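S.K.: Heads up: the sequence shown runs through residues 0 to 173, numbered per numbering that gives the first Met the number 0.
Hints listed in this document are in silico derivations from the structure and should not be mistaken for laboratory results. On a predicted model such as this, the values are computed, not experimentally measured, just so you know. A virtual CB, placed ideally from N, CA and C, is assigned to each residue, including glycine. It is possible that some hints are incorrect.
If you anchor each label on the Cβ, the simulated ranges turn out as follows [unchecked claim]:
1. 139 / 102: 18 to 26 Å
2. 27 / 85: 21 to 29 Å
3. 30 / 57: 19 to 27 Å
4. 148 / 12: 26 to 34 Å
With a straight-line Cα cutoff of 20 Å, these simulated SDA-like cross-link-like pairs (lysine to any residue) come out [what the hints assert, rightly or not]:
5. 5 / 149
6. 139 / 82
7. 139 / 0
8. 139 / 8
9. 5 / 105
10. 5 / 97
11. 149 / 94
12. 149 / 42
13. 5 / 141
14. 5 / 94
15. 5 / 26
16. 5 / 27
17. 5 / 131
18. 149 / 102
19. 5 / 45
20. 5 / 44
21. 149 / 13
22. 5 / 127
23. 5 / 23
24. 139 / 127
25. 5 / 143
26. 5 / 25
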Amino acid sequence: MYRGQKLIAFILGNVVEQACDCELVLQSTVDEMTQYPFITFQVISPENDSTSDWLEDDRQFTVDFQIDAHAGDFYTANDKAMRLYEALHDYGYRRFFRQANIVVTSTTQTSNRTTLEGINYDHDVGFDCSFLVTGLRDYKDTDLNFSYEKFNINTASAGTADVTHETVTSKERN
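Produce the entire structure from the sequences given, and follow the hints as far as they go.
M.R.: Shown next as structure tokens:
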């Protein structure tokens, strides 16, 4: 079962797997990673209420994540960070979150976060991301759909719900 921060991390892991073709791991478990590239996350601001008015039992709050791509060279780390950054702005991947009442509200620009370059074993490029959770509910793996659907603006009609989506495999996206 997934809920709150754990649900965000679970959905983010599916986005990372599809958009970046690598693994998402908790920052505190980096020492267990043996193969580059990979992406880490850590919660930097857990569950800040966005309003004092709760709608019945649904609490609304934001969660801020620090997200970093790690690789043996700068260009690979930068590429993975940019792919994820772009995926978090893509309609098809944002739908992954929306189905669980989560909205990607903001992302900072990517930046080189490598410290003590030359001494460190890896290169680190990342950004921070805020998520708005608008309903706290438990989800099972089977409750969520992680098939990517690309938004097709050419067949969308203004002012109607008649919007066409095409399912795209991860190989077709990359």
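S.K.: The structure should be examined with respect to each hint, and the outcome stated for every one.
M.R.: Results of checking the hints against the structure:
1. 139 / 102: 18 to 26 Å: Once the Cβ atoms are compared, 21 Å apart, the range 18 to 26 Å for residue 102 and residue 139 holds.
2. 27 / 85: 21 to 29 Å: Check passed, 27 Å falls within 21 to 29 Å.
3. 30 / 57: 19 to 27 Å: Violated - the Cβ-Cβ distance for residue 30 and residue 57, about 38 Å, lies outside 19 to 27 Å.
4. 148 / 12: 26 to 34 Å: This hint is violated: roughly 19 Å between Cβ atoms.
5. 5 / 149: 26 Å, violated
6. 139 / 82: Violated. Residue 139 to residue 82 sits at ~27 Å, over the 20 Å cutoff.
7. 139 / 0: Status holds; Cα separation ~5 Å.
8. 139 / 8: At roughly 14 Å apart (the allowed maximum being 20 Å), residue 8 and residue 139 satisfy the hint.
9. 5 / 105: 19 Å, holds
10. 5 / 97: 15 Å, holds
11. 149 / 94: 10 Å, holds
12. 149 / 42: 29 Å, violated
13. 5 / 141: Since the Cα atoms of residue 5 and residue 141 sit roughly 16 Å apart, the hinted pair holds (cutoff 20 Å).
14. 5 / 94: Distance of about 18 Å is within 20 Å: holds.
15. 5 / 26: At roughly 14 Å apart (the allowed maximum being 20 Å), residue 26 and residue 5 satisfy the hint.
16. 5 / 27: 15 Å, holds
17. 5 / 131: 14 Å, holds
18. 149 / 102: 18 Å, holds
19. 5 / 45: 11 Å, holds
20. 5 / 44: 14 Å, holds
21. 149 / 13: Holds - the C-alpha atoms of residue 13 and residue 149 are around 16 Å apart, at most 20 Å.
22. 5 / 127: The given pair, whose Cα atoms are some 17 Å apart, holds under the 20 Å limit.
23. 5 / 23: Between residue 5 and residue 23 the Cα gap is close to 13 Å, so the pair holds against 20 Å.
24. 139 / 127: Distance of about 27 Å is beyond 20 Å: violated.
25. 5 / 143: 14 Å, holds
26. 5 / 25: 11 Å, holds
Checked against the numbered hints given earlier, the structure breaks hints 3, 4, 5, 6, 12, 24 and satisfies all the rest.
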